[in-house]
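*Asks:* Sequence:
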Amino acid sequence: MNLVRKILANTRKPKESTSGRIMLKMMNIMHDKNAMWGLNHIEIKNSANILEIGCGGGKNISNLLKKSPEF
1 MNLVRKILAN TRKPKESTSG RIMLKMMNIM HDKNAMWGLN HIEIKNSANI
51 LEIGCGGGKN ISNLLKKSPE F
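Counting from 1, one number per residue, gives the positions in the sequence shown under this note's numbering.
Since the hints were derived computationally from the structure, they do not count as laboratory data. This one's a predicted model, so the numbers in the text were calculated from it and none came from an experiment. Cβ atoms here follow ideal geometry from the backbone N, Cα and C, with glycine treated the same way. Be aware that one or more of the hints could be misleading.
Claimed, not checked - The calculated BS3-like cross-link candidates involving lysine-lysine, where the alpha carbons are at most 30 Å apart (straight line), are:
no. : residue 1 : residue 2
1   : Lys45     : Lys6
2   : Lys66     : Lys45
3   : Lys6      : Lys25
4   : Lys67     : Lys6
5   : Lys33     : Lys67
6   : Lys33     : Lys6
7   : Lys33     : Lys59
8   : Lys25     : Lys66
9   : Lys25     : Lys59
10  : Lys45     : Lys59
11  : Lys6      : Lys59
12  : Lys45     : Lys33
13  : Lys67     : Lys45
Claimed, not checked - Okay, the calculated beta carbon distance ranges per label pair:
no. : residue 1 : residue 2 : range
14  : Lys6      : Gly54     : 21 to 31 Å
15  : Leu3      : Asp32     : 31 to 41 Å
16  : Ser17     : Lys45     : 34 to 44 Å
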């Protein structure tokens, strides 16, 4: 399987491999602009619990934690 097919095969559930790591990095880059737009429109209070359900390589939860007053 060539590299492009391996990368595309990892779009649903990235696996621990070079192609999986590439896919997660691509997801973080592609989703970041929209995710940051959304995060700029919310306020996270000290008592808030954060649950991030989505796709990507962890960039959204990292940004949520940075925005959290407790972080």
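*Asks:* A separate judgement is required for each hint: does it hold in the structure or not?
*Replies:* A quick look at each hint next to the structure:
| no. | hint | verdict |
| --- | --- | --- |
| 1 | Lys45 with Lys6 | violated, 41 Å |
| 2 | Lys66 with Lys45 | holds, 13 Å |
| 3 | Lys6 with Lys25 | holds, 14 Å |
| 4 | Lys67 with Lys6 | violated, 34 Å |
| 5 | Lys33 with Lys67 | holds, 16 Å |
| 6 | Lys33 with Lys6 | holds, 26 Å |
| 7 | Lys33 with Lys59 | holds, 11 Å |
| 8 | Lys25 with Lys66 | holds, 19 Å |
| 9 | Lys25 with Lys59 | holds, 9 Å |
| 10 | Lys45 with Lys59 | holds, 20 Å |
| 11 | Lys6 with Lys59 | holds, 22 Å |
| 12 | Lys45 with Lys33 | holds, 23 Å |
| 13 | Lys67 with Lys45 | holds, 10 Å |
| 14 | Lys6 with Gly54: 21 to 31 Å | holds, 23 Å |
| 15 | Leu3 with Asp32: 31 to 41 Å | violated, 23 Å |
| 16 | Ser17 with Lys45: 34 to 44 Å | holds, 40 Å |
This entry does not satisfy hints 1, 4, 15, going by the numbered hints stated previously.
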